[in-house]
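Colleague: This note's numbering numbers the first residue of the sequence shown as 87 and each following residue consecutively.
It is worth saying that the hints were derived from the structure and are not from the lab.
A quick note: this is a predicted structure, and the numbers were derived from the prediction, not measured.
We treat Cβ as the ideally placed atom computed from N, Cα and C, and that holds for glycine.
Please note: incorrect hints may appear among the correct ones.
[To be verified] Across the chosen pairs, the derived CB separations fall in these ranges: (1) F129 x L196: 16 to 26 Å; (2) F129 x N201: 17 to 27 Å; (3) N206 x N148: 29 to 39 Å.
[Stated by the list, open to error] As a list, the in silico PhoX-like pairs of lysine-lysine whose alpha-carbon atoms are at most 25 Å apart: (4) K187 x K255; (5) K286 x K244; (6) K255 x K272; (7) K223 x K269; (8) K187 x K244; (9) K223 x K144; (10) K272 x K286; (11) K223 x K272; (12) K174 x K251; (13) K286 x K230; (14) K187 x K174; (15) K255 x K223; (16) K187 x K242; (17) K255 x K230.
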Amino acid sequence: MIVSAILFYFIFRVRVKRAKEKAQKTKLELQAIQAQLNPHFMFNALGSIQYLVNNNDKENANQYLTEFSSLLRNSLYNNEQEMVPLSKELQTMDSYIRLEKLRFNFQYQLNVAQNIQPENISIPTLLIQPMIENAIKHGISSLKENGVLLINIEQKTKDLVVEIKDNGKGFDTTQPSKGFGIKLVKERIEVLNKQGYKIKFSIVSNNGTSVRFVFENWV
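Construct all of the structure, not just a fragment, from the sequences and the given hints.
Modeller: Next comes the structure, spelled out in structure tokens:
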């Protein structure tokens, strides 16, 4: 009886240790992917500042720098978190989009369903951001004022659904320069799903591009 109890205890300890090691490994994988994502995000924003400076557009360059400082503050806060309130993530997204609007002058609309309370819902930080960057850079940047970016956030049963749509030419996700952000998003979702989350991600590229995130049983 005592031997069985001791054996059970040691087996239990080994299983707990392995579970902790697996969780730590998953956390490190997630941090590694996120570490790649943040510079990618910032380099895109800095590229727009350089464009405005090179074109002697001082007024917009100054406004861009002001917006960029706000974006940087939000990003530094978010970078410390694995999950952030949807309201915070929307602030970061909006700051980035307004920066890019100064350069490309596209149309932009964010629709948040009335039954969504952004301050009470948390999502993985900067998970959606690369798809917004792709929509602008590879979709609508060349269209200028004719470009349209739509972001819809809604609740379907218990799922949180985020859709990003643009009216650009679409893009080939197999091209390395266009697929880097997508690769990071897919890798990150894979790691998050290992932690017990249920996140689905899909892209349809036809007469523009539509990206869809489904966070299952999230709300």
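Colleague: Run the structure past the numbered hints and jot down the numbers of the failing ones, going up.
Modeller: 2, 8, 13 and 16
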